[in-house]
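Visitor: Take a look at the letters that make up each chain.
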Amino acid sequence: MSSEPSAPPAPAASPAPSALSAPSAPYRPGRLSTGDRVFLSAFIGLPLLALLVFVWLPAFTSIALSFTTWDGIDLGDIHWTGLGNYTEIFTNYPPFWPAVRNNLIWLLFTALLPTPFGILLAYQLDKKIRFTKIYQTAIFLPMVLSLAVVGFIWEIIYNPDTGLLDSALRAAGSAHHIDWLGDPDLNLWAVLIASGWRHTGYIMILYLAGLKGFDPALKEAAALDGANGRQTFLRVTFPALKPVNIIILVVTVMESLRAFDIVYVLGGGVGSKPGMELLSLLITDNIIGESSHIGYGSALAVVLLLVSLAAIGTFLVQTFRKEDR
Amino acid sequence: MTTTAVRPPSRPRTARRPPPHGPSRPPRNLGRHLFLAGVSLLWLVPLLWAVYTSLRSYDDTARHGYFSWPHSIGPENFTDAWTQSGMPHFFLNSVLITVPAVLGTLLFSAAVAFHVSRFDFRFNLALLMLFTAGNLLPAQVLVTPLYRLYLLVPLPGWMSDSFLLYNSAWGIIAIHIAYQCGFCTFVLSNYMKTIPKEISEAAVVDGAQVWRQFFQIILPLCRPAFAALATLESIWIYNDFFWPLTLIETGDKRPVTSALANLQGQYFTNPNLIAAGALMTAIPTLLVYFALQRQFISGLTIGSGKG
Chain A
1 MSSEPSAPPA PAASPAPSAL SAPSAPYRPG RLSTGDRVFL SAFIGLPLLA LLVFVWLPAF
61 TSIALSFTTW DGIDLGDIHW TGLGNYTEIF TNYPPFWPAV RNNLIWLLFT ALLPTPFGIL
121 LAYQLDKKIR FTKIYQTAIF LPMVLSLAVV GFIWEIIYNP DTGLLDSALR AAGSAHHIDW
181 LGDPDLNLWA VLIASGWRHT GYIMILYLAG LKGFDPALKE AAALDGANGR QTFLRVTFPA
241 LKPVNIIILV VTVMESLRAF DIVYVLGGGV GSKPGMELLS LLITDNIIGE SSHIGYGSAL
301 AVVLLLVSLA AIGTFLVQTF RKEDR
Chain B
1 MTTTAVRPPS RPRTARRPPP HGPSRPPRNL GRHLFLAGVS LLWLVPLLWA VYTSLRSYDD
61 TARHGYFSWP HSIGPENFTD AWTQSGMPHF FLNSVLITVP AVLGTLLFSA AVAFHVSRFD
121 FRFNLALLML FTAGNLLPAQ VLVTPLYRLY LLVPLPGWMS DSFLLYNSAW GIIAIHIAYQ
181 CGFCTFVLSN YMKTIPKEIS EAAVVDGAQV WRQFFQIILP LCRPAFAALA TLESIWIYND
241 FFWPLTLIET GDKRPVTSAL ANLQGQYFTN PNLIAAGALM TAIPTLLVYF ALQRQFISGL
301 TIGSGKG
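Heads up: the sequence lines are chains A and B, in that order.
Residue 255 in the UniProt record's numbering sits at position 255 of the first sequence, and the numbers go up by one each step.
Residue 29 in the UniProt record's numbering sits at position 29 of the second sequence, and the numbers go up by one each step.
Simulated from the structure, these hints should not be mistaken for laboratory data.
Glycine included, each C-beta is placed from N, C-alpha and C at the ideal position.
Each hint should be verified, as a subset may be incorrect.
Said to hold, decoys possible - Straight line, CA to CA, 27 Å or less: simulated DSS-like cross-link-like pairs of lysine-lysine:
(1) A:Lys242 x A:Lys133
(2) A:Lys273 x A:Lys212
(3) A:Lys242 x B:Lys193
(4) A:Lys273 x A:Lys219
(5) A:Lys133 x A:Lys273
(6) A:Lys128 x A:Lys273
(7) A:Lys127 x A:Lys219
(8) A:Lys273 x A:Lys127
(9) B:Lys193 x A:Lys219
(10) A:Lys219 x A:Lys242
(11) A:Lys273 x A:Lys242
(12) B:Lys197 x A:Lys273
(13) B:Lys197 x A:Lys128
(14) A:Lys128 x A:Lys242
(15) B:Lys197 x A:Lys242
As the list claims (entries may be wrong) - If you want the footprint, here are the derived chain B segments under chain A, 3+ residues with CB under 8 Å:
(16) 133-146
(17) 166-178
What the hints assert, rightly or not - Beta-carbon label-pair distances, calculated as ranges:
(18) B:Leu96 x A:Asp179: 38 to 44 Å
(19) B:Trp158 x A:Pro160: 37 to 43 Å
(20) A:Pro216 x B:Leu96: 42 to 48 Å
(21) B:Pro156 x A:Asp74: 23 to 29 Å
(22) B:Val95 x A:Lys127: 36 to 42 Å
(23) B:Pro88 x A:Ala175: 43 to 49 Å
(24) A:Ala111 x B:Leu96: 45 to 51 Å
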């Protein structure tokens with residue numbers, strides 16, 4: 001990835017196929033001066049170097065480490081085990097399948113409730129009505145807050161002794177004493193509510209941005225043809241916003257697979273708790289926990305990576321295919 | 001989810017199509033306002049509850065419980081949290097990480113976006129994909145090798161008293177920039193594609209070199225996109241605590257969000273105080289959001305592949 005600035009212009013993308021011989025095409029790369037070339041190379045080189053060294057190099061090293069056992073201390077202690085970590089994870093690691101299940105629940109929940117709701121809100125806000133900014137701010141606010149605040153806010157809501165939820169239930173006459181974050185059957189859903197609270201605003205903002213870039217003439221044409229609001233949205237706006245929809249989908253999938261910090265905060269910052277196992281937490285447990293099982297954690301990370309790659313791949317193919325004419 | 005509790009009051013959904021500016025607009029919008037106001041209020045409840053808690057004294061809540069009318073309201077918790085917990089120090093840590101990281105991310109991604117969207121180099125698409133995909137990798141996949149890498153990279157003493165990239169703010173800034181570049185490159189390249197090519201052509205005709213094109217023409221035109229990205233990136237980077245948690249050893253050097261653990265351990269007995277402290281950590285991102293709000297939506301040209 002180091003030869004691009006000197007490459008000839010891509011013929012497929014150029015409007016005039018004879019760009020090389022036509023001096024009238026003003027800034028094809030072929031026409032750049034040496035100084036410009038040096039500038040552009042440095043310009044792309046530095047970010048590219050940072051990306052390769054800090055992101056891609058560690059990613060590939062992780063994949064390699066997943067075939068080894070290592071305590072994370074002495075580099076000489078790295079031993080090759082082949083697929084040992086993987087068989088161990090799939091067959092003999094109790095929290096693994098609950099974590100997979102919880103990640104799936106997370107994904108389904110997020111995809112079915114907060115995401116469509118965020119889209120609905122964006123659609124409602126995309127009208128010329130008053131107070132839009134106020135509504136936007138209120139719903140986006142949870143995204144702005146740091147997780148320190150989010151974790152704390154939900155802690156004082158879910159706390160079984162002093163929390164808002166149980167106090168309100170008691171005031172309403174319920175005698176139950178529900179430990180929302182402690183009960184393994186409930187805590188995942190409690191965290192999902194908190195997560196959905198944040199996610200909705202995020203999707204709303206992304207979708208609103210997409211709607212603003214949408215050609216209003218299309219909507220007007222649909223309205224003139226007698227389509228009502230819902231029909232216009234489902235049949236005209238939604239399909240036309242395919243690029244945005246793909247981004248929303250990828251954001252939802254990635255956020256669900258990567259879900260970490262809100263669970264970490266609400267779980268008390270001690271790693272995975274019963275009922276709240278997630279792949280990201282298991283990886284963290286193994287890598288920075290008391291006993292470092294680097295190879296093991298890396299293998300878990302690779303499992304997560306492979307699942308993510310399905311989403312990343314879909315996104316890249318869908319988004320960039322049309323540009324690759 | 002609780003959101004289903006708020007239903008849009010039945011909108012008049014008759015077959016009659018309302019004329020564009022006819023008399024049927026107010027009732028339609030009334031329903032919409034009720035719906036949006038209801039949701040907004042519901043979304044604010046958790047936050048308002050935290051604010052309410054943080055304003056009450058510990059004695060009051062200990063005696064009457066949290067779910068009660070206040071007997072004393074005051075800002076004491078905020079002043080106490082500020083003075084007792086060393087928060088100014090951790091705020092400074094956060095600022096020293098967030099500001100360079102956001103600026104670096106924007107500059108780097110603007111450079112890459114300029115490169116891939118304003119020129120027809122052969123590997124542009126591959127580059128764009130490489131950057132975008134990098135941002136989608138789970139952070140946990142990167143952390144172990146990154147940790148070892150940081151232990152290997154020496155830094156001069158004036159940059160880091162650990163003499164390493166590990167346990168230093170520079171390391172956190174570096175990974176934030178490298179990791180966040182992908183998203184910003186994606187958004188910015190979409191934005192730059194909407195700037196007519198003729199502008200660059202005119203600049204070339206006038207003899208402007210590429211660096212002047214970039215700094216004097218393209219960058220100023222991208223201001224809305226920068227505002228939107230600066231908002232999002234400030235929020236993300238400021239709020240992140242995974243990298244500091246794993247790559248900074250000394251609690252003293254951590255940003256305010258990861259230092260919450262310190263706060264919590266120290267003041268575990270007084271949740272009201274922690275509420276105040278936690279709310280204060282939200283102030284910087286709120287300020288950024290409100291300052292750049294005007295351009296926030298308009299600058300986020302995600303996937304508007306008009307080109």
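Visitor: All hints, please: hold or fail.
Guide: Taking the hints in turn, this is what the structure says about them:
1. The straight-line distance between the Cα atoms of Lys242 of chain A and Lys133 of chain A is roughly 25 Å, inside the 27 Å bound, and the hint therefore holds.
2. A C-alpha spacing of about 42 Å is found between Lys273 of chain A and Lys212 of chain A, which places the hinted pair above 27 Å, so the restraint is violated.
3. With a CA separation close to 18 Å, the supplied pair Lys242 of chain A and Lys193 of chain B stays within the 27 Å bound.
4. For the proposed pair Lys273 of chain A and Lys219 of chain A, the alpha carbon gap of about 49 Å is over 27 Å, so the pair is violated.
5. A C-alpha spacing of about 39 Å is found between Lys133 of chain A and Lys273 of chain A, which places the hinted pair above 27 Å, so the restraint is violated.
6. For the hint pairing Lys128 of chain A with Lys273 of chain A, the CA-to-CA distance comes to about 46 Å; that exceeds 27 Å, so the pair is violated.
7. Annotation: proposed proximity of Lys127 of chain A to Lys219 of chain A holds, straight-line Cα distance about 12 Å (limit 27 Å).
8. Of the supplied pair hints, the one linking Lys273 of chain A and Lys127 of chain A is violated, its CA atoms being roughly 44 Å apart against a limit of 27 Å.
9. Proposed proximity of Lys193 of chain B and Lys219 of chain A is supported: the alpha carbons are some 24 Å apart, at most 27 Å.
10. About 15 Å separates the Cα atoms of Lys219 of chain A and Lys242 of chain A, which keeps this hinted pair within 27 Å; it holds.
11. Note on Lys273 of chain A and Lys242 of chain A: the hinted pairing is violated, with a Cα-Cα distance of about 38 Å set against a maximum of 27 Å.
12. With a CA separation close to 55 Å, the supplied pair Lys197 of chain B and Lys273 of chain A exceeds the 27 Å bound.
13. Of the supplied pair hints, the one linking Lys197 of chain B and Lys128 of chain A is violated, its CA atoms being roughly 32 Å apart against a limit of 27 Å.
14. The straight-line distance between the Cα atoms of Lys128 of chain A and Lys242 of chain A is roughly 23 Å, inside the 27 Å bound, and the hint therefore holds.
15. A distance of roughly 25 Å separates the Cα atoms of Lys197 of chain B and Lys242 of chain A; the hinted pair therefore holds under the 27 Å criterion.
16. Given a C-beta distance limit of less than 8 Å, the hint that chain A covers the segment 133-146 of chain B holds, as 13 residues qualify and 3 suffice.
17. Counting residues of the segment 166-178 of chain B whose CB falls under 8 Å from any CB of chain A gives 4; the rule of at least 3 is met.
18. Roughly 40 Å separates the CB atoms of Leu96 of chain B and Asp179 of chain A, a value that falls within the hinted 38 to 44 Å.
19. In this structure, Trp158 of chain B and Pro160 of chain A break the distance hint of 37 to 43 Å, their C-beta atoms being roughly 51 Å apart.
20. Separated by about 45 Å at the C-beta atoms, Pro216 of chain A and Leu96 of chain B satisfy the suggested range of 42 to 48 Å.
21. Between Pro156 of chain B and Asp74 of chain A the beta carbons are some 27 Å apart, a value that agrees with the proposed interval 23 to 29 Å.
22. For Val95 of chain B and Lys127 of chain A, the hinted distance range of 36 to 42 Å is satisfied, since their beta carbons lie about 39 Å from each other.
23. At roughly 46 Å, the beta-carbon separation of Pro88 of chain B and Ala175 of chain A lies within the given 43 to 49 Å, and the hint holds.
24. For the hinted restraint 45 to 51 Å between Ala111 of chain A and Leu96 of chain B, the CB-CB distance of approximately 38 Å leaves it violated.
Hints 2, 4, 5, 6, 8, 11, 12, 13, 19, 24 from the list above are not met by this structure, while the remaining hints are.
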